[in-house]
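If you read the sequences in order, they're chains A and B.
Here the working numbering is used: position 113 in the first sequence is 113, and no number is missing along the way.
Here the working numbering is used: position 79 in the second sequence is 79, and no number is missing along the way.
Among the hints, erroneous ones may be present.
Claimed, not checked - Facing chain B, from chain A, some residues (calculated, C-beta under 7 Å): (1) S38; (2) L39; (3) G42; (4) Q48; (5) S94; (6) V100; (7) N101; (8) E102; (9) F105.
Just so you know, these hints were derived from the structure itself, not from any lab.
We treat Cβ as the ideally placed atom computed from N, Cα and C, and that holds for glycine.
One letter stands for each residue in the lines below.
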Amino acid sequence: DSGVTQTPKHLITATGQRVTLRCSPRSGDLSVYWYQQSLDQGLQFLIQYYNGEERAKGNILERFSAQQFPDLHSELNLSSLELGDSALYFCASSVRSGRVNEQFFGPGTRLTVL
Amino acid sequence: AQKITQTQPGMFVQEKEAVTLDCTYDTSDPSYGLFWYKQPSSGEMIFLIYQGSYDQQNATEGRYSLNFQKARKSANLVISASQLGDSAMYFCAMREGQGDYKLSFGAGTTVTVRA
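Pulled out of the complex, with its shape left as it was, chain A reads as follows:
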């Protein structure tokens, strides 16, 4: 158990819909990262938040948005869903200091768009 929690574990929805994925980082971790794992694109970085502020943006579509709340949990919002958005979405967290800065991954949310 990494200490990072993600809900829900599975999500099945239809094209055009909107969903929210939730992540709680490990206690004390200020950084939250979102990654998307799909068969055709592999594991891709979407976005990073640090202590409530957006810190870095990757290949995140305009239809997707995220935020980090004062209690440090984060939500990834996916709207106008398309079939190609079906993927495993991971949240990870890390501490800022330390030599390794290992990212601890949550169990993921598997999104299926029908």
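The hints should help you fit chain B onto chain A, whose structure is shown.
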């Protein structure tokens, strides 16, 4: 350009034997970190081992060791004495810079351990 390249899509290894998973990387940042993660069929990502760009020694963690060849920009993972539970997808990843920055992942290598 791909930052992390894993050229072996799949490998078979006999139980109790060693296996080497290849990883090459591309960066102009002198400070970076290299990671290996394991993803079993259940889907979670499990951290295995880390090598910093300034580390003089190759990293080891139990049965995992990282063969770091800086000049060749290669960071191969060696799993010794393979076990059936090692069957999984293995990802090489890189963080550029010294802080808490994003990871760039390779395409992964599927390892199947045979009894």
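Going through the hints against the structure:
This hint is violated: A/S38 has a C-beta 12 Å from the nearest C-beta of chain B, more than the 7 Å allowed. Evaluation of the A/L39 hint against chain B yields a violated restraint, the C-beta minimum of about 11 Å exceeding 7 Å. The interface hint given for A/G42 holds, since its Cβ lies 5 Å from the closest Cβ of chain B, which is under the 7 Å cut-off. Given the 7 Å rule on beta carbons, the hint for A/Q48 holds: about 6 Å separates it from the nearest Cβ of chain B.
Taken as an interface hint, A/S94 checks out: its beta carbon lies about 5 Å from the nearest beta carbon of chain B, inside 7 Å. The interface hint given for A/V100 holds, since its Cβ lies 5 Å from the closest Cβ of chain B, which is under the 7 Å cut-off. The beta carbon of A/N101 is positioned within 7 Å of a beta carbon in chain B (closest approach about 5 Å), and the interface hint is therefore held. With 7 Å as the threshold, the beta carbon of A/E102 comes within range of chain B, its nearest partner Cβ sitting at about 5 Å, so the hint holds.
The criterion of a C-beta within 7 Å of any C-beta in chain B is met by A/F105, whose closest approach is roughly 4 Å, and the hint holds.
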